[in-house]
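Kindly produce the complete structure, drawing on both the sequences and the hints.
Listed in order, the protein sequences are those of chains A and B. Each step along the first sequence adds one to the number in my numbering, with nothing skipped, and position 266 is 1635. Each step along the second sequence adds one to the number in my numbering, with nothing skipped, and position 188 is 1557.
Put simply, identical chains are the same to the list, so a pair is met inside one copy or across any two.
Below, simulated SDA-like cross-link-like pairs (lysine to any residue); rule was C-alpha separation at most 20 Å, straight line:
#1 K1489 x A1371
#2 K1711 x D1678
#3 K1489 x D1475
#4 K1560 x E1602
#5 K1489 x R1433
#6 K1711 x S1676
#7 K1701 x T1685
#8 K1489 x G1512
#9 K1489 x S1509
#10 K1701 x A1664
#11 K1701 x L1661
#12 K1737 x I1749
#13 K1560 x E1626
#14 K1578 x T1768
Don't read these hints as lab results, they were simulated from the structure.
2 protein chains.
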Amino acid sequence: MARLVMKFGGTSVGDVARIRNVAAHVQREVEAGHEVAVVVSAMSGETNRLVGLTRDVAQLHDAREYDVVVSAGEQVSVGLLAMALQDMGVAARSWLGWQIAVQTSDMHSAARIEHIDAEKLNAQFAEGRVAVIAGFQGLSANGRVTTLGRGGSDTSAVAVAAAIGADRCDIYTDVDGVYTTDPRIVPAAQKLERISYEEMLEMASLGAKVLQTRSVELAMVHNVRLQVRSSFEAPDAPQAEDGIVGTLICDEDEIMEQEIVSGIAYARNEAKLTLLGVSDRPGMAAQIFGPLADAAVNVDMIVQNISADGQTTDVTFTVSQDELPRTLAVIKDLQATLGFDKVLETPDMAKISIVGIGMRSHAGVAQKMFQILAEKGINIHVISTSEIKVSVLVDADYTELAVRALHAAYGLDDERVAG
Amino acid sequence: MARLVMKFGGTSVGDVARIRNVAAHVQREVEAGHEVAVVVSAMSGETNRLVGLTRDVAQLHDAREYDVVVSAGEQVSVGLLAMALQDMGVAARSWLGWQIAVQTSDMHSAARIEHIDAEKLNAQFAEGRVAVIAGFQGLSANGRVTTLGRGGSDTSAVAVAAAIGADRCDIYTDVDGVYTTDPRIVPAAQKLERISYEEMLEMASLGAKVLQTRSVELAMVHNVRLQVRSSFEAPDAPQAEDGIVGTLICDEDEIMEQEIVSGIAYARNEAKLTLLGVSDRPGMAAQIFGPLADAAVNVDMIVQNISADGQTTDVTFTVSQDELPRTLAVIKDLQATLGFDKVLETPDMAKISIVGIGMRSHAGVAQKMFQILAEKGINIHVISTSEIKVSVLVDADYTELAVRALHAAYGLDDERVAG
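See the structure below:
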């Protein structure tokens, strides 16, 4: 017997037939003898409808009232799922954020979970009842309804799993696992059997949007084993003995054979900016990036070369293309203060990254990447590295070519037991 | 300065424009210096949509989960109304049933309010903030969400008014008050300025469906002054000095000139049943009406004459026409036990009632009714009386004729200061 958290997103509970399908997945685990907590999102489209209503009522609205309105979506889906389970003969009850309680900060509409009381949930398990928990919502210290921000149900699921000491948290989604890269670009992409938290964080934040980044961070901190698996699979399909049919995201100690490169990630819609002739003095970077942060511009890669003349230097950084106009507005305001000569902007860039924990103990991984891109005639604009990844910025037109070439070069096209 | 409860139903908050209109009504009272609590229903159609979802998921469902699902409707409308008020510069916050808390019995989907904590609401008033309260929902002793049954928001409003000691509870609805009879039948029907709780109860339960009966009972018990007024009136229309623009439902002591007959009520779709030759022995009535009550048949009028032969008697009673097949099924099962000869059923009857607290101190009121109906050639099938009303059962075809004749005969057609 294991204790499981099963999480289903909005598409999985999008209509009554799908809710019944979710109930059948839960029933399978209950019949296998497991204690189950289910975390669900609002029915697909419902959160957007509610958000639309709040916008129609008032352009600027109180985030506390926004949370009251939008959290109604999960309230509906937990009630319906509990009913569907009961209808199949599975004992179940719904839990709203305030009932458990899921205690959060009071940063409304982007609250962080601070504590989850496990007591009531544990009592449910003792009575053999499935706990159907509303994702995305919580309770602030002063008794108001909070929400975690879009996609927060993944985080709710991991936090519940940590609180009740679950053996695993299964995230049911529209893909059957995490792949070595996007299969739409590389049909030979392989499903990973296991991937470490650190690698998943690099993959997720680089655009492989299977899981909310915060949920992976939380899983890493609390060492919650996370599985990404498909909700479209038939509930009565044969199950693996260890319960792993998708991709397990876990501590690297659980991964025997650590690949040098586990996956190739990419992010399009990047824009590059270069400030030419910035005077090279202490605090200069803070003077540039402070105002950008204040304007909520999310700066990604930053490169600054040594000063050739000892007086001025060039600073290059990337932002999401959507944020380019806002970024330029901030930068132009700074020109007088910083006294740089000129701003060069290059839109339509892509960031290509190789990710792998094995990289830490292997030399020459980055060099191989540069060589392969050079062989394909792809120019590298910016390079940025961390312990377990190397990212390069290239013209967006080369995205597919670069991803395919790297995927093949690091041996990811081969049929193999991944992880 | 007064303390007011304002209640708005689903039609009044049916879309964003109407929610803003409600906010304007509230703003008017706040600007007049009053402390205001607003009780709202779900946006019209929303509760039906949610109920439909529960039916689609499971035919037989847990009423506790049903309550979780359907109470989401009011959660949305309170959040939106609080936002609309803030947008107009009126300080406001939403309150869900569990936040106040509105403590109820655990009879899910038909819970009764047991207690409302006034402490948090009073603190709101002290801070000059409007309390926007979700109607229809409450919290059971074991922390589950409950609902009061359809139309329960009227009851919520009255209970809140009693708890916070409100000077008045204004029910905004789609009519501008309580009339001496249905204006669709008698165009000369007058709007009543005041009506006693007792009269309103007789009018409401007899088919003048302006207010939920339970809310009037509760108002009577706690002596909450209730006003029925129109939500379609322009928010900036001139207001009466005493705030009464519709009909005030109050203690009879507040009504100076007590009319002998305040109104004429009617209910169509009644069916009459007569059991012929029931053996006349003690306990016979219980043997008939016990099984009907068990089958949830709502029996209205009951007439039993004295036994002519000392052995058998005839029993006549009325039920709603919709319940006729169910009633007949129960009665036929009883024939063997009770040994009556025959059942006569007469569908398509109407109950016509005259209601007035002045009746208690005036003789001949019923006699006048019988005489007027006789003059019009209307046959009376059954008569039933209480202290403040006389009801007769007639063929439904005569409904309009009877109501018009009685309305005129009791002087209700005249232009007058009612109440």
